[in-house]
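Asker: Can you make the complete structure from the sequences, with help from the hints?
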Amino acid sequence: MTTTTLAVLVPLLPFLGAAAGLLLGRTAPGYVRPLAVLPTLAAFVLAVVVAVDQGGGKSIDASRRLTPTGSVPIDLALHLDGFAVLVAVLVGLVATCVQLYSTGYLRDDPRYPSYAALVSLFTSAMLLVVYSGDLMVLLVGWEIMGICSYFLVGHYWETPEARAASLKAFLVTKLGDVPFLIGLFALATDAGTFRITGVVQAALTGGIDHPTLIALLLLAGVAGKSAQFPLHTWLPDAMAGPTPVSALIHAATMVAAGIYFVARLLPVFAASAAAMTVLAVMAAVTMVGSALAALAQDDIKRVLAYSTIGQLGYMSGALAVGDRGAAVFHLLSHGAFKALLFLAAGVIIHAAGTNSLSAMSRMDGLAKRIPDAYWTMTVALLALAAIPPFAGFFSKEAVLSAAEHTALGDSTVAPQGTGWIVLIAGLLTALLTAAYAMRLWLLAFRGKGAPAPDHGRQPVAMNAVLWVLAIPSIGFGLTTGYLDDWFDGHALTPALTTSVLSTGVALVGGLVTYATWRHTSALAARTPIGAVAAHPEADGGLVEEEAIASHTPAYGDIASAYDPADPGRLLLGPLHRHAATGFHLDAVYRTLFVRPVLAAASLVRFLDREVVETYVQGAGALPRWLGAAVRKAQTGNVQTYLSALLAGSAVLALVAVVLANANAGS
Amino acid sequence: MMLLASGHHPVHHGFLSPTGVEIAFLLVAAVTFGAAVLTVTTKQLVHAALWLVVALGGIAVEYLLLTAEFIAWVQVLIYVGSVVVLLLFGLMLTKAPIGRSPDADSGNKWAALLVALAAAGSLLWVVVDAFRTTWINLDGPGQGSTKVSGSILFRHWVLPFEALSVLLLAALVGAIVMSRKSGDTSGAPGDAPRDKEQR
Amino acid sequence: MHLIYPAGLAVLLFSTGVYGVLARRNAILVLMSVELMLNAVNLNLVAFDVWLRDTLHAGQALTLFTIAIAAAEIGIGLAIVLAVYRNRGTSDIDKLRDTAEGSGPDDPAAPAQKAEAAA
Numbered sequence: 284m285t286t287t288t289l290a291v292l293v294p295l296l297p298f299l300g301a302a303a304g305l306l307l308g309r310t311a312p313g314y315v316r317p318l319a320v321l322p323t324l325a326a327f328v329l330a331v332v333v334a335v336d337q338g339g340g341k342s343i344d345a346s347r348r349l350t351p352t353g354s355v356p357i358d359l360a361l362h363l364d365g366f367a368v369l370v371a372v373l374v375g376l377v378a379t380c381v382q383l384y385s386t387g388y389l390r391d392d393p394r395y396p397s398y399a400a401l402v403s404l405f406t407s408a409m410l411l412v413v414y415s416g417d418l419m420v421l422l423v424g425w426e427i428m429g430i431c432s433y434f435l436v437g438h439y440w441e442t443p444e445a446r447a448a449s450l451k452a453f454l455v456t457k458l459g460d461v462p463f464l465i466g467l468f469a470l471a472t473d474a475g476t477f478r479i480t481g482v483v484q485a486a487l488t489g490g491i492d493h494p495t496l497i498a499l500l501l502l503a504g505v506a507g508k509s510a511q512f513p514l515h516t517w518l519p520d521a522m523a524g525p526t527p528v529s530a531l532i533h534a535a536t537m538v539a540a541g542i543y544f545v546a547r548l549l550p551v552f553a554a555s556a557a558a559m560t561v562l563a564v565m566a567a568v569t570m571v572g573s574a575l576a577a578l579a580q581d582d583i584k585r586v587l588a589y590s591t592i593g594q595l596g597y598m599s600g601a602l603a604v605g606d607r608g609a610a611v612f613h614l615l616s617h618g619a620f621k622a623l624l625f626l627a628a629g630v631i632i633h634a635a636g637t638n639s640l641s642a643m644s645r646m647d648g649l650a651k652r653i654p655d656a657y658w659t660m661t662v663a664l665l666a667l668a669a670i671p672p673f674a675g676f677f678s679k680e681a682v683l684s685a686a687e688h689t690a691l692g693d694s695t696v697a698p699q700g701t702g703w704i705v706l707i708a709g710l711l712t713a714l715l716t717a718a719y720a721m722r723l724w725l726l727a728f729r730g731k732g733a734p735a736p737d738h739g740r741q742p743v744a745m746n747a748v749l750w751v752l753a754i755p756s757i758g759f760g761l762t763t764g765y766l767d768d769w770f771d772g773h774a775l776t777p778a779l780t781t782s783v784l785s786t787g788v789a790l791v792g793g794l795v796t797y798a799t800w801r802h803t804s805a806l807a808a809r810t811p812i813g814a815v816a817a818h819p820e821a822d823g824g825l826v827e828e829e830a831i832a833s834h835t836p837a838y839g840d841i842a843s844a845y846d847p848a849d850p851g852r853l854l855l856g857p858l859h860r861h862a863a864t865g866f867h868l869d870a871v872y873r874t875l876f877v878r879p880v881l882a883a884a885s886l887v888r889f890l891d892r893e894v895v896e897t898y899v900q901g902a903g904a905l906p907r908w909l910g911a912a913v914r915k916a917q918t919g920n921v922q923t924y925l926s927a928l929l930a931g932s933a934v935l936a937l938v939a940v941v942l943a944n945a946n947a948g949s
Numbered sequence: 038m039m040l041l042a043s044g045h046h047p048v049h050h051g052f053l054s055p056t057g058v059e060i061a062f063l064l065v066a067a068v069t070f071g072a073a074v075l076t077v078t079t080k081q082l083v084h085a086a087l088w089l090v091v092a093l094g095g096i097a098v099e100y101l102l103l104t105a106e107f108i109a110w111v112q113v114l115i116y117v118g119s120v121v122v123l124l125l126f127g128l129m130l131t132k133a134p135i136g137r138s139p140d141a142d143s144g145n146k147w148a149a150l151l152v153a154l155a156a157a158g159s160l161l162w163v164v165v166d167a168f169r170t171t172w173i174n175l176d177g178p179g180q181g182s183t184k185v186s187g188s189i190l191f192r193h194w195v196l197p198f199e200a201l202s203v204l205l206l207a208a209l210v211g212a213i214v215m216s217r218k219s220g221d222t223s224g225a226p227g228d229a230p231r232d233k234e235q236r
Numbered sequence: 006m007h008l009i010y011p012a013g014l015a016v017l018l019f020s021t022g023v024y025g026v027l028a029r030r031n032a033i034l035v036l037m038s039v040e041l042m043l044n045a046v047n048l049n050l051v052a053f054d055v056w057l058r059d060t061l062h063a064g065q066a067l068t069l070f071t072i073a074i075a076a077a078e079i080g081i082g083l084a085i086v087l088a089v090y091r092n093r094g095t096s097d098i099d100k101l102r103d104t105a106e107g108s109g110p111d112d113p114a115a116p117a118q119k120a121e122a123a124a
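Chains as they are written, first to last, in our numbering: chain A, 284 to 949; chain B, 38 to 236; chain C, 6 to 124.
Possibly wrong hints are sitting among the right ones.
[As the list claims (entries may be wrong)] Taking lysine-lysine pairs in the PhoX-like style, the calculated list, with each CA pair at most 25 Å apart, reads:
#1 A/Lys915 / B/Lys146
#2 A/Lys731 / A/Lys651
#3 B/Lys132 / B/Lys80
#4 C/Lys100 / B/Lys80
#5 A/Lys915 / C/Lys100
#6 B/Lys80 / B/Lys146
#7 C/Lys100 / B/Lys132
#8 C/Lys100 / B/Lys146
#9 B/Lys132 / B/Lys146
[As the list claims (entries may be wrong)] Rough simulated footprint, nothing fancy, chain A against chain C, three-plus residues with beta-carbon under 8 Å:
#10 36-45
#11 99-105
By construction, these hints were calculated from the structure, which means they are not laboratory data.
Note that the structure is predicted; figures quoted are calculated from it, not measured.
Where a beta carbon is used, it is the ideal one built from N, C-alpha and C, also for glycine.
Answerer: Structure (structure tokens):
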């Protein structure tokens with residue numbers, strides 16, 4: 284089979300798996316698990332084969348036009364270059380891991396068949412986005428991901444948090460998708476084609492007439508999908524979904540789609556210095572803000588969600604300085620270690636029976652109960668904090684050195700200012716990242732107090748997956764020397780200055796947090812706190828659902844808990860209150876958008892009920908009175924009716940005769 | 038003026054010089070009309086049926102005077118012979134009171150009178166206006182003898198005649214079905230009035 | 006003979022029948038009045054047939070048909086009257102008022118409330 288055929292099969296297999304899973308879910312429950320895992324695994328293997336075939340060389344393009352579609356043609360096109368094949372491998376790997384993990388995590392869930400089918404459909408859509416060479420086909424996958432995300436975040440729809448979160452995720456991403464769609468049309472009109480190669484060619488030769496406008500419109504969609512400021516607010520709330528979903532969608536793939544899209548169309552964005560500056564500022568604000576917010580969260584998954592936003596900010600920053608190789612490199616390594624972090628967090632929540640870090644910090648021996656999660660989580664946190672030699676160090680180094688090149692004027696793709704913005708924000712975020720990674724690790728695994736509850740061994744599928752993902756988290760950085768050929772050819776190896784700087788600030792952040800923790804953990808014994816789910820034998824999904832549902836009643840807030848033993852509280856000082864709520868951005872949105880809409884709705888309701896209704900009632904009253912009058916005539920006496928009928932006939936006859944005579948006489 | 042010219046008879050006949058047939062017709066007409074009025078006004082229900090016999094018989098005589106003798110005999114046979122008998126049976130089966138019944142007329146009486154007078158007035162006016170001078174020539178061969186009627190009926194009107202026989206059969210079956218006292222379907226009609234009463 | 010005589014008699018008989026149909030209370034008397042109206046029409050048919058000397062004698066043929074149909078009608082009519090009498094115990098027309106508009110379901114508040122709930 285040719286590489287093209289294999290590449291077509293990659294998105295098709297999970298799609299067929301999803302269709303079969305949905306059809307057979309009720310009638311043949313035994314086939315659901317194989318149907319969920321095997322197509323995804325096959326897609327992963329095929330993606331690896333495609334990557335090996337492509338080999339980072341010249342890009343492969345294939346297209347088929349099914350039908351003429353008007354002025355701008357739409358093709359079923361493949362565009363396989365180094366970016367596409369590598370991201371596809373990542374998607375396949377994470378999706379396979381997540382499907383395997385879900386078989387254990389949602390072991391007893393009655394809605395597992397539809398869940399697995401949706402995850403397969405999602406995987407298929409993401410692979411379509413990755414491989415597609417046509418912007419319209421890409422948009423199809425883009426939107427399917429949106430709706431799958433809506434369904435999967437709302438998987439625990441019995442809880443109000445999940446319902447609200449799924450609606451919010453859908454609405455906020457759609458808010459970005461509308462300008463995105465307009466931007467795509469504008470882009471296609473300017474370039475005369477939807478093909479990515481054609482668009483990029485047009486951008487390189489200056490064929491795009493309105494680069495700034497188009498780039499900003501597209502950036503809105505990217506900000507929505509990739510959870511960049513100011514459209515990032517849906518991502519922390521989306522943690523109300525099951526942990527595997529968070530790992531797949533909200534860490535490794537869907538949010539990466541926005542970054543990947545910009546990477547594909549980077550020449551279009553690079554044509555506008557304003558767009559690059561906006562992207563850089565957006566990335567900087569996202570990075571620093573999310574890192575501060577992550578330091579204040581109590582829910583372990585919300586910490587990871589904010590860290591995802593921050594890491595996506597790094598990728599945006601790399602794109603803002605015009606180095607898409609560094610961005611996708613960080614995307615790949617981040618996808619691996621963030622998926623690992625989420626899946627390990629799922630194991631921790633299952634074992635501890637709570638998602639609250641405050642409660643975990645009062646448990647003794649949680650690390651001994653789940654040694655696999657403990658070790659892999661430690662590896663992933665080190666990768667997140669960019670400590671050498673883990674994967675995160677190399678990819679983050681690539682981003683920072685790209686920013687440094689731009690700042691010092693070595694690279695001229697982007698304005699020099701963007702380089703400084705990204706470099707400074709990146710270093711600051713490296714400090715904060717190390718701090719919250721340290722805080723997470725200390726609170727989760729170094730708790731003191733009552734012994735952790737024993738929920739038995741975790742399923743083998745879940746633990747095995749953790750180790751599989753730990754391999755790239757540790758070793759992916761070693762491939763730096765080979766990978767630059769697959770991308771644009773920029774060197775991805777770490778530069779000395781930025782390495783020393785960032786590793787230094789990361790160590791400082793970690794050590795300061797450790798010191799603070801030593802100081803505060805003494806307080807933990809004095810303020811008992813904690814709520815633990817009551818089903819030790821249940822599967823992870825049920826425990827997590829109850830943990831999310833009970834967080835607000837137990838701690839007064841979905842995001843934070845009042846815990847003086849939290850080192851983040853001391854570190855942030857007066858900022859803590861604001862950081863815990865995501866710097867009140869939700870409140871701002873509520874004031875700016877939700878309140879006016881609600882007020883307008885109540886006004887419309889008032890107008891409808893009190894004003895329009897009055898006219899309707901008035902219009903109805905007259906016929907009702909007439910009806911009452913006519914009803915009196917309906918006596919039921921046939922002879923009365925007949926009398927009226929015949930009298931009428933007589934009158935008519937008389938009138939006719941009189942008129943005829945009068946006319947004849949005149 | 039609505040004048041229907043009668044081309045056959047250019048000679049005008051006056052109303053003040055009636056022929057013998059006309060005198061006879063008018064006398065019988067007076068009796069017929071009187072009997073009809075009594076039919077619809079009498080308080081005794083059985084008498085109404087008997088006055089109806091007189092009225093229908095009078096009409097039969099009028100047919101004879103119009104030389105339609107076959108129809109006259111059919112009128113006597115069917116109306117006087119069967120219809121009135123049927124009506125009498127109906128009166129008896131519904132236990133109609135024999136003597137004077139003060140409530141024979143409904144409260145609709147005056148409205149009915151008004152409508153009837155208006156109808157009579159307007160129709161008479163139109164008829165008189167239209168046919169004031171029209172003359173029926175009764176001379177010549179009889180136009181309604183049994184022979185003529187028979188040949189006309191079975192030469193030109195056979196199909197309607199046969200269709201009529203089907204109608205009569207249907208009416209027969211329908212009347213039997215409806216007036217049967219007990220049957221498979223008697224349960225539902227029997228329940229109906231009780232339902233009404235409960236409502 | 007003047008056509009006006011039979012035609013006028015027919016008008017008078019018809020009007021009498023109309024009065025009877027409208028004024029009589031007993032259903033069988035109403036049927037009798039209907040017979041009077043039918044006979045008025047028959048008289049008209051015969052008179053015009055004789056006057057016009059119709060070669061098909063359509064008037065007389067139709068009169069015969071009318072008589073036959075009237076016989077059928079009186080049979081069916083009496084059957085109906087008997088059925089009604091058996092069910093209701095009366096054959097008075099002005100007591101058969103089931104089709105009268107009741108005063109129950111015309112409460113104007115009920116549909117308004119329904120609309121409110123639907124909104």
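Asker: Decide, hint by hint, whether the structure agrees.
Answerer: Each hint, compared with the structure:
1. Between lysine 915 of chain A and lysine 146 of chain B the CA atoms are separated by roughly 20 Å; this keeps the pair inside 25 Å, and the hint holds.
2. This hinted pair checks out: lysine 731 of chain A and lysine 651 of chain A have alpha carbons roughly 13 Å apart, not beyond 25 Å.
3. At roughly 15 Å between alpha-carbon atoms, lysine 132 of chain B and lysine 80 of chain B fall within 25 Å of each other, so this suggested pair holds.
4. Among the hinted pairs, lysine 100 of chain C with lysine 80 of chain B is consistent with the structure: their alpha-carbon atoms are about 19 Å apart, no more than 25 Å.
5. Restraint check for lysine 915 of chain A and lysine 100 of chain C: the C-alpha separation of about 17 Å stays at or below 25 Å, so the hint holds.
6. Restraint check for lysine 80 of chain B and lysine 146 of chain B: satisfied, since their Cα atoms lie roughly 13 Å apart, inside the 25 Å limit.
7. With a CA separation close to 16 Å, the supplied pair lysine 100 of chain C and lysine 132 of chain B stays within the 25 Å bound.
8. Taking the CA atoms of lysine 100 of chain C and lysine 146 of chain B, the gap is near 15 Å; set against the 25 Å cutoff, the hint holds.
9. Simply put, lysine 132 of chain B and lysine 146 of chain B have alpha-carbon atoms about 23 Å apart, close enough for the 25 Å limit, and the pair holds.
10. Chain A is given as covering the segment 36-45 of chain C, and this is violated because 0 residues of the stretch bring a CB closer than 8 Å to a CB of that chain, at least three being needed.
11. Coverage of the segment 99-105 of chain C by chain A holds in this model, with 6 residues showing a Cβ closer than 8 Å to a Cβ of that chain against a need of three.
Violated hint for the displayed structure: number 10, the only one.
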